[in-house]
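**Student:** For reference, the chains in residue letters:
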Amino acid sequence: MKTKSLEGSRRSTKIVTYAALIIGSVIMIFPFLWMILTSLKTQTESIQVPPTIFPKELIFSNFTDAINSLPFVNMYVNTILMIVFRVIFAVVFSSMAGYAFAKLNFKGKNILFGIVLMQMMLPSQIFIIPQYQMVAKLGMANSIAALVFPGIVSAFGTFFLRQAYLGIPNEIAEAAYLDGCNQWQAFYKVMAPLTTSSVAALTVFTAVFAYSDLMWPLVVNSDLNMMTLSSGLATLRGQFSTNFPVLMAGSLLAMLPMVILYLFFQKQFIEGIAMTGGK
Amino acid sequence: MNKKMSKAASSEQRWGWFMVAPTIIGLLVLNVWPFIQTIWASFCEHLGFGHYRFIGLDNYINMFQNADFWKATGNTLLFVVLTVPVGIFLSLLVAVMLNAKVKFKGGFRTIFFLPMVCAPAAVTMVWRWIFNADYGVLNQIFGTHVKWITDPNVALISCAVVAIWSAIGYDAVLLLSGLQNISKSYYEAASIDGAGKIKQFFSITLPMVSPTLFVTMIMRLMASLKVYDLIYMMVEETNPALTNVQSLIYLFYRESFVAGSRGSGSAIAVWTVLLIGIATVFQFWGQKKWVNYEV
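Sequence lines, in order, name chains A and B.
Residues -4 to 274 in the working numbering are what the first sequence spells out, letter by letter.
Residues 3 to 297 in the working numbering are what the second sequence spells out, letter by letter.
Just chain A, with the same shape it has in the complex (with noise of 0.2 Å):
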């Protein structure tokens, strides 16, 4: 008796956990799942009352009007110019550098250590008048380089491949030491190819905030086909400010390529985020 009432009980579980999860995914979806339908349907339908949930007839026009009023190309191209050269720069000088401070001994180590701490602390706005300064002084406004630059270096990137690795036991540097290898050669050959999931962590998370970025690149990219894909759909909000259908199509052409990335690398990128999780 007892035990029935406790498999009843088991189960009664079970479906309220069903059930709130899915209730949860289906809030999840939703906004995505209407962004499709609207950017499919005519503006006369999707205003109309009461609104229908499938679309007429498809219309692609769309998808049209929003490449045409914004360099979707550009935006593409310079997306990902940002997003490659950030995470070449992160991965690289962090891994240089989050080595030194896990596994070398130098003077100075403490502080300088400090002032990546002190940048992770900060946040972002309190550097970007004067970076915006830089680059106008330099003449970099409106270029590829200015999308890059507060990226060129990553303190974040630093501190957490300095994680891994202290990870990484010191008897396979000296064992490295040992077989004629100098500090590069070990760094490089035996024990930067150790830390390839907190690299391709990093990947990620750069890739991800780059893409992500509002401030930055609507401040020093002003020049429509300098826009990245968040700054071009700032803009487009303003042309567009009720045509909804174009405003969605313009999003999912924003969208899709880091959502498509996501659905085939999708393990990557929860774990990649959950382990840089913290910042």
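Think of the hints as simulated: they come from the structure by calculation, not from any bench.
Don't take every hint at face value.
[Unchecked claim] Each computed BS3-like pair below joins lysine-lysine, with the alpha-carbon atoms no more than 27 Å apart:
1) Lys228(B) / Lys149(B)
2) Lys290(B) / Lys186(B)
3) Lys184(A) / Lys9(B)
4) Lys186(B) / Lys201(B)
5) Lys107(B) / Lys9(A)
6) Lys186(B) / Lys262(A)
7) Lys9(A) / Lys105(B)
8) Lys201(B) / Lys105(B)
[Stated by the list, open to error] According to the in silico footprint, chain B covers these stretches of chain A (three or more CB under 8 Å from chain B):
9) 12 to 22
10) 134 to 143
Glycine included, C-beta positions come from ideal geometry on N, C-alpha and C.
Let chain A serve as the given structure and place chain B on it in line with the hints.
**Tutor:** Showing chain B alone in chain A's frame:
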């Protein structure tokens, strides 16, 4: 022998400096120097083209007398109060459910995490559409006519809803990794002792996950104090609800880059940093009362 050691040590020292050089030089140029400049600029008037004139505390005096500034500070704090507790609670709920034996765990995780890989600029666009007063689906479903993003009393709540929706999956994934570290044997022992699921949650799960919960909360708190992009995309500058919604960083952006008053903009940035600092100190001070590091 001794000499050889010191030679090795000095080589190590040179390599150390060489390997941190790019990062340190970059940080000095891109962060340390700008930090000093921003603090200096907060005591200056911007004359245009990057030229500044020292004016003492005027920016701060003006700022503290400005109603919009206090409103923005209040909005930011209210945004924190609206998003952090509810967001963390819901994330913990999702994490606990995903930690149970459920089918399609990976699928649910993928769905909840999805907003994280979408630029805020793109997802807020669809929320603007859902919240639209005249044709938005939310008002259509409920037969209401709430001005979700133009009513000064409602707009901040709408923004908070979007913020929670966006962050839930991310926070849940962080919390889930904390939950997975809890050994099953604790629960088995508790079951034998006859402790129910709810009792188990409060006496095992919550204390054991509290360090992760603390990190997640700090992170969410900092992100909420710095909120900008979401509110910027939801509430454009011509929106009548603007002053009731704009966060400190939004005000900072408008002051520095729209109005071009970089001196007073810098003062807002310094104020925001102070606020974040105070909030962090409070959190670390408060954690002793509830975070359990015994395990």
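**Student:** Could you run down the list of hints and mark each one as holding or not?
**Tutor:** Comparing the hints with the structure gives:
{"no.": "1", "hint": "Lys228(B) / Lys149(B)", "in the structure": "25 Å, holds"}
{"no.": "2", "hint": "Lys290(B) / Lys186(B)", "in the structure": "26 Å, holds"}
{"no.": "3", "hint": "Lys184(A) / Lys9(B)", "in the structure": "23 Å, holds"}
{"no.": "4", "hint": "Lys186(B) / Lys201(B)", "in the structure": "15 Å, holds"}
{"no.": "5", "hint": "Lys107(B) / Lys9(A)", "in the structure": "13 Å, holds"}
{"no.": "6", "hint": "Lys186(B) / Lys262(A)", "in the structure": "24 Å, holds"}
{"no.": "7", "hint": "Lys9(A) / Lys105(B)", "in the structure": "11 Å, holds"}
{"no.": "8", "hint": "Lys201(B) / Lys105(B)", "in the structure": "25 Å, holds"}
{"no.": "9", "hint": "12 to 22", "in the structure": "holds (count 7)"}
{"no.": "10", "hint": "134 to 143", "in the structure": "violated (count 0)"}
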